[in-house]
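Number of protein chains: 2
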Amino acid sequence: MTRRGLGLVAVTLGLATAAGAEAPNPLAEVARRVRSEALSRTAAFDRLVELCDGIGHRLSGSKALEAAVAWAQVRLTSDGHENVRLDPVQVPHWQRGAESAELVSPRPMALAMLGLGGSVGTPPEGVTAEVVVVSDDTALAALAPDAVKGKIVLFDHAMPAWTPERGTGYGTAVKYRVVGAVLAAKAGAVASLIRSVTAHSLRTPHTGMMRYEDGVPKIPHAALAVEDAALLARLAKSGHKPVVRLRMEARTLEPAPSHNVLAELVGRDLPREIVLLGAHLDSWDVGQGAHDDGAGVVMAMEALTVLRRLGLRPRRTVRVVLFTNEENGLAGGKAYASMHGTELHVAAIETDSGGFAPRGLAVGLPDAAAERTAVPRLGAWLRAVDPGLGFGAVEARGDGGGADISPLAKNGVPLFAYLVEESRYFDVHHTAADTVDKVDPTDLARGAAFLATVAWSFAESGPP
Amino acid sequence: MTRRGLGLVAVTLGLATAAGAEAPNPLAEVARRVRSEALSRTAAFDRLVELCDGIGHRLSGSKALEAAVAWAQVRLTSDGHENVRLDPVQVPHWQRGAESAELVSPRPMALAMLGLGGSVGTPPEGVTAEVVVVSDDTALAALAPDAVKGKIVLFDHAMPAWTPERGTGYGTAVKYRVVGAVLAAKAGAVASLIRSVTAHSLRTPHTGMMRYEDGVPKIPHAALAVEDAALLARLAKSGHKPVVRLRMEARTLEPAPSHNVLAELVGRDLPREIVLLGAHLDSWDVGQGAHDDGAGVVMAMEALTVLRRLGLRPRRTVRVVLFTNEENGLAGGKAYASMHGTELHVAAIETDSGGFAPRGLAVGLPDAAAERTAVPRLGAWLRAVDPGLGFGAVEARGDGGGADISPLAKNGVPLFAYLVEESRYFDVHHTAADTVDKVDPTDLARGAAFLATVAWSFAESGPP
Chain A
6 MTRRGLGLVA VTLGLATAAG AEAPNPLAEV ARRVRSEALS RTAAFDRLVE LCDGIGHRLS
66 GSKALEAAVA WAQVRLTSDG HENVRLDPVQ VPHWQRGAES AELVSPRPMA LAMLGLGGSV
126 GTPPEGVTAE VVVVSDDTAL AALAPDAVKG KIVLFDHAMP AWTPERGTGY GTAVKYRVVG
186 AVLAAKAGAV ASLIRSVTAH SLRTPHTGMM RYEDGVPKIP HAALAVEDAA LLARLAKSGH
246 KPVVRLRMEA RTLEPAPSHN VLAELVGRDL PREIVLLGAH LDSWDVGQGA HDDGAGVVMA
306 MEALTVLRRL GLRPRRTVRV VLFTNEENGL AGGKAYASMH GTELHVAAIE TDSGGFAPRG
366 LAVGLPDAAA ERTAVPRLGA WLRAVDPGLG FGAVEARGDG GGADISPLAK NGVPLFAYLV
426 EESRYFDVHH TAADTVDKVD PTDLARGAAF LATVAWSFAE SGPP
Chain B
6 MTRRGLGLVA VTLGLATAAG AEAPNPLAEV ARRVRSEALS RTAAFDRLVE LCDGIGHRLS
66 GSKALEAAVA WAQVRLTSDG HENVRLDPVQ VPHWQRGAES AELVSPRPMA LAMLGLGGSV
126 GTPPEGVTAE VVVVSDDTAL AALAPDAVKG KIVLFDHAMP AWTPERGTGY GTAVKYRVVG
186 AVLAAKAGAV ASLIRSVTAH SLRTPHTGMM RYEDGVPKIP HAALAVEDAA LLARLAKSGH
246 KPVVRLRMEA RTLEPAPSHN VLAELVGRDL PREIVLLGAH LDSWDVGQGA HDDGAGVVMA
306 MEALTVLRRL GLRPRRTVRV VLFTNEENGL AGGKAYASMH GTELHVAAIE TDSGGFAPRG
366 LAVGLPDAAA ERTAVPRLGA WLRAVDPGLG FGAVEARGDG GGADISPLAK NGVPLFAYLV
426 EESRYFDVHH TAADTVDKVD PTDLARGAAF LATVAWSFAE SGPP
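One line per chain: the protein sequences are A and B, in this order. Heads up: take any position in the first sequence, counting from 1, add 5, and you land on the working numbering. Heads up: take any position in the second sequence, counting from 1, add 5, and you land on the working numbering.
All clues given are correct.
Remember, identical chains collapse to one label, so a pair may be satisfied in a single copy or spanning two.
Derived EDC-like pairs (lysine to aspartate or glutamate); straight-line CA-CA distance at most 20 Å:
no.	residue 1	residue 2
1	LYS242	ASP51
2	LYS223	GLU130
3	LYS242	ASP141
4	LYS191	ASP141
5	LYS223	GLU254
6	LYS242	GLU55
7	LYS415	ASP404
8	LYS246	GLU55
9	LYS242	ASP445
10	LYS242	ASP442
11	LYS191	ASP142
12	LYS180	ASP404
13	LYS246	ASP51
14	LYS223	GLU259
15	LYS223	ASP142
Simulated from the structure, these hints should not be mistaken for laboratory data. Predicted, not measured: the structure shown is a model, and the values here were computed from it.
Just chain A, same shape as in the assembly:
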């Protein structure tokens, strides 16, 4: 390259910089207003405290969940939103009841445990049996026939710690929580245990959803704290044959009435075209469901309120949907798709990864090739928004969506997941430690600003 060439490059760069500084960026301008409004308010965190401290955890079938439904309806109405309504949904009704696990031999000791959602209970006297420890299903299959017959299987499968490169190891590790009872029962076990699905523990057991399979005996299934699973694994490895007594009063009652809660900012131009912003109201029956998913609920509510307060009414309708029963059945998501799936949804966005700092969006499209080409467009859109928000939330990924909105995939709706700084999410996920003190009010306000900007832009111009 000659000196003249270098000079041209410099001129070109100079022009580009000047143009960038001068060019109108309406998206960034909206983002700037939204950010300013959201960060001037404490409403999102105040609401989270109302929900978490005032109502607490709220499992499907509980009075607390219906209290949360009523609370959301009142708050969305008092914020002046349009078309606030409750859609009735029948939800599964599982009750934990009293439960315990104790090491009987080689020495008596209480174990830290939580039964898994949907598990059957034990007889009143409990199930007492030797524990056979395996790391995964391959190890289980490699045992001698009848090796676990009449025994308890412990899946001591460790979830790796979060890293920036690999993210969380949740997707893989959760397998034994979901299908552990089926795997163990097929091998003849009388109960099954898992190591809690987390990489960090302070003797904190994690609950969550599990499944049975038709034709396979239903055996009790529970999670031990990481520490207790590790203890049983050490005892078994050193030749002791640990014996555990598991007692669970868990039972499944008749389905109970619940509700999805909807509210809208009606579009000024195409009111029947919808951008859905979703989160779930229900939680597990421990802790406060603060990150999962109280944070999503209050961010979605606040995003709608910020747009309304700023007079930012987009061409299409923004509809907030607070789903019921995400955790153990997805009845809310299924009912919504069944009742509203034929309405024209131009996009559905779910926030269900906690109230941490914004990182970006993931997109999910029915057509894999279309999804691949959508990711860079989404990235460009995030980089256009970011000068206004200033969060550096510019990560664009594929495989987007969320449990509640997943039933809309069959209607061809483009699905989006709100991505957050997730390094600590699974430390508290589904535990007694998922409490409001773990949520940073500023992160929550930032999330509301980010989601308001996404909802406005998608409703104004369609998703990128």
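We have chain A; now place chain B onto it with these hints.
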């Protein structure tokens, strides 16, 4: 400076480097042998598993503590140590019994709690009262007279997170655990609560020692998990008057018989001059007492064994002392000083900060000026040792010592504390989460190597 001058500097530096590389460093050579031996063995961790999994937690007065005493005696004997013996000690006998704290109003909810060691119990029906939340004693003193009369005081005093500059905030935050009941009772309260003394919590309450004062009513005193203290603080701040029911069966029985366990590597030249290497066998009655202080116990045992296996018999005697009752009474440390304080101790080193990576030593001398001049000498000694150990454990500080060896101060014994990487120690300290899975076997072996080197050198040449 002339060119010739620069050349001279270069020559001088070159000579210094060459001399450093060639000079014999007998300390580093011993350290190298000790390191090689300790890291080739798994004995320290294996022993920790025996103690923690086989016996578990071991509060003063429990059968478990006497099982640990017997275990230590057997292991020290089988390792071939000299003068293995049990010194009888009467220890306080506090029993927790059943206990609970529940939020009664504004809505019923179980709180995560642990009674504090030495607390009196409540009547069988419990103590039910409004909770007044204060951040510290200044805030308590600033309340109107009778503001807490008949009520429960919660000291919601937050321990700051560990930083490299400030270290842990334990020393300050622990105040309300120790004297909170006295402060609250003087103000007329019927019970007192603290926020657990930790900077990180997953709904994990922390127990620990508390004190009463003659002439001040003894009221029940318990720790809430950080999350539950924060909840009560939020409720009180928002104008709710939280009411809590505290039930504790805690009681103090007659003192029980226990033992310090001693073992020696008798000095080849001055056998009556002693370097004491101490840790404590007892623990709180939750978790496994793995870092606190099972790790110290097995590192001290292993340090003595490594020296014996290598034939490194120093001029003076190295005496390992596994103290009883460090946690709630210090009866072991006091009894040792009473029985052995007149023997000539040239140094006493305590390891009671967990089995983390080695960082260095702190020295404590009766004379503050002497201590100040001892710190740089200690630093030089650590830097001389480090080429052999290679741990980078070169931190030298003042204010050294340890609870168990502190009664020897009156005999003028130079006291030393083993310093470790302590950033996570107070996450598990005095909790159900202080379990063997939190201890890294390599860190433990490194600690044993470091302590063996310290003990050998101090016994060979005296402390620096």
